[in-house]
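J.: One letter stands for each residue in the lines below.
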Amino acid sequence: NAGVTQTPKFQVLKTGQSMTLQCAQDMNHEYMSWYRQDPGMGLRLIHYSVGAGITDQGEVPNGYNVSRSTTEDFPLRLLSAAPSQTSVYFCASRTRGRSYEQYFGPGTRLTVT
Amino acid sequence: AQTVTQSQPEMSVQEAETVTLSCTYDTSESDYYLFWYKQPPSRQMILVIRQEAYKQQNATENRFSVNFQKAAKSFSLKISDSQLGDAAMYFCAYTRYGGSQGNLIFGKGTKLSVKP
Numbered sequence: 277n278a279g280v281t282q283t284p285k286f287q288v289l290k291t292g293q294s295m296t297l298q299c300a301q302d303m304n305h306e307y308m309s310w311y312r313q314d315p316g317m318g319l320r321l322i323h324y325s326v327g328a329g330i331t332d333q334g335e336v337p338n339g340y341n342v343s344r345s346t347t348e349d350f351p352l353r354l355l356s357a358a359p360s361q362t363s364v365y366f367c368a369s370r371t372r373g374r375s376y377e378q379y380f381g382p383g384t385r386l387t388v389t
Numbered sequence: 014a015q016t017v018t019q020s021q022p023e024m025s026v027q028e029a030e031t032v033t034l035s036c037t038y039d040t041s042e043s044d045y046y047l048f049w050y051k052q053p054p055s056r057q058m059i060l061v062i063r064q065e066a067y068k069q070q071n072a073t074e075n076r077f078s079v080n081f082q083k084a085a086k087s088f089s090l091k092i093s094d095s096q097l098g099d100a101a102m103y104f105c106a107y108t109r110y111g112g113s114q115g116n117l118i119f120g121k122g123t124k125l126s127v128k129p
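From first to last, the protein sequence lines stand for chains H and P.
Be aware that the first sequence starts at 277, since it is given in this note's numbering, and climbs by one per residue.
Be aware that the second sequence starts at 14, since it is given in this note's numbering, and climbs by one per residue.
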């Protein structure tokens with residue numbers, strides 16, 4: 277199993293540009309989430325999904341869009357990049373059940389200039 | 014709203030010694046999970062240890078153990094026989110059982126340095 281994969285690993289955008297961060301998992305997990313990590317802030321939840329076709333907002337959803345058409349993929353879209361979106365982005369997944377253990381991808385470092 | 018607080022932005026320990034990282038949390042729930050994640054310079058988030066609130070026994074994973082004080086809402090991580098590879102950011106995290114689909118609330122992290 278590859279686990280949770282994210283692409284790209286690094287990205288530089290100009291203000292106003294749009295892009296999609298890719299996330300895929302091969303563990304057949306129902307739940308997937310996106311977090312952002314800023315210096316001194318820990319990780320904060322952006323959006324999450326409990327299954328194909330179902331998404332919901334987390335703590336910091338503004339400026340981001342998600343959709344989930346398959347169990348495996350959960351892309352995160354930046355509609356119009358802003359310098360405040362410079363961050364490291366993590367995708368995570370977990371299975372239904374009581375363990376509640378989340379499996380994280382390797383992260384994407386995004387810089388918006 | 015639930016919150017997680019790590020009051021030690023940085024800690025240092027001598028190799029082979031023991032260090033304890035602190036974490037407190039605020040919740041009105043009775044059934045929840047607590048986690049410690051390690052983030053080395055590679056950036057990968059690695060689960061170190063997990064505690065279920067309904068279990069009174071403290072969790073242990075090899076050199077890592079927790080001191081879970083439910084009434085005090087405290088969840089500290091003890092690392093014994095510290096190794097150079099333990100140097101990393103450590104995050105305490107909380108999730109409510111049955112709610113928010115298991116999404117995690119993180120503390121701000123503690124940076125642990127290990128001196129040879």
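Hints are computed from structural coordinates only; laboratory data are not their basis.
Predicted, not measured: the structure shown is a model, and the values here were computed from it.
Hints may be right or wrong, so weigh each one.
What the hints assert, rightly or not - Label-pair ranges, simulated between beta-carbon atoms:
| no. | chain 1 | residue 1 | chain 2 | residue 2 | range |
| --- | --- | --- | --- | --- | --- |
| 1 | H | G329 | P | S25 | 25 to 31 Å |
| 2 | P | N75 | H | D332 | 33 to 39 Å |
| 3 | P | S93 | H | L355 | 45 to 51 Å |
| 4 | H | P284 | P | S41 | 22 to 28 Å |
| 5 | H | N341 | P | N75 | 24 to 30 Å |
| 6 | H | T346 | P | I59 | 22 to 28 Å |
| 7 | P | K83 | H | P337 | 29 to 35 Å |
| 8 | H | N304 | P | A85 | 20 to 26 Å |
| 9 | H | N341 | P | K128 | 41 to 47 Å |
| 10 | P | A84 | H | G373 | 27 to 33 Å |
| 11 | H | N277 | P | E74 | 32 to 38 Å |
| 12 | H | N338 | P | S126 | 18 to 24 Å |
| 13 | H | R372 | P | A14 | 32 to 38 Å |
| 14 | P | Q70 | H | L355 | 19 to 25 Å |
Even glycine gets a Cβ: it sits at the ideal position worked out from N, Cα and C.
J.: Each of the hints needs a verdict: does it hold here or not?
T.: Here is how each hint holds up against the structure:
Roughly 48 Å separates the CB atoms of G329/H and S25/P, a value that falls outside the hinted 25 to 31 Å. Evaluation of the 33 to 39 Å hint for N75/P and D332/H yields a pass: the beta carbon distance comes to about 37 Å. Distance hint check: the CB atoms of S93/P and L355/H are about 48 Å apart, consistent with the given range 45 to 51 Å. As the Cβ distance of P284/H to S41/P is approximately 41 Å, the hint placing it in 22 to 28 Å is violated.
Checked against the given bound of 24 to 30 Å, the beta carbons of N341/H and N75/P, roughly 42 Å apart, lie outside it. Taking 22 to 28 Å as the suggested C-beta distance range, the pair T346/H and I59/P conforms, at roughly 27 Å. The hint said 29 to 35 Å for the Cβ distance between K83/P and P337/H, and at roughly 32 Å that hint holds. For N304/H and A85/P, the Cβ-Cβ distance of about 39 Å falls outside the hinted range of 20 to 26 Å, so the restraint is violated.
Separated by about 46 Å at the C-beta atoms, N341/H and K128/P satisfy the suggested range of 41 to 47 Å. Range check, A84/P to G373/H: Cβ separation about 28 Å, and the 27 to 33 Å hint holds. For the hinted restraint 32 to 38 Å between N277/H and E74/P, the CB-CB distance of approximately 22 Å leaves it violated. Our hint of 18 to 24 Å for N338/H and S126/P is violated, since their Cβ atoms are close to 36 Å apart.
At roughly 25 Å, the beta-carbon separation of R372/H and A14/P lies outside the given 32 to 38 Å, and the hint is violated. At about 48 Å, the CB distance of Q70/P to L355/H disagrees with the hint of 19 to 25 Å.
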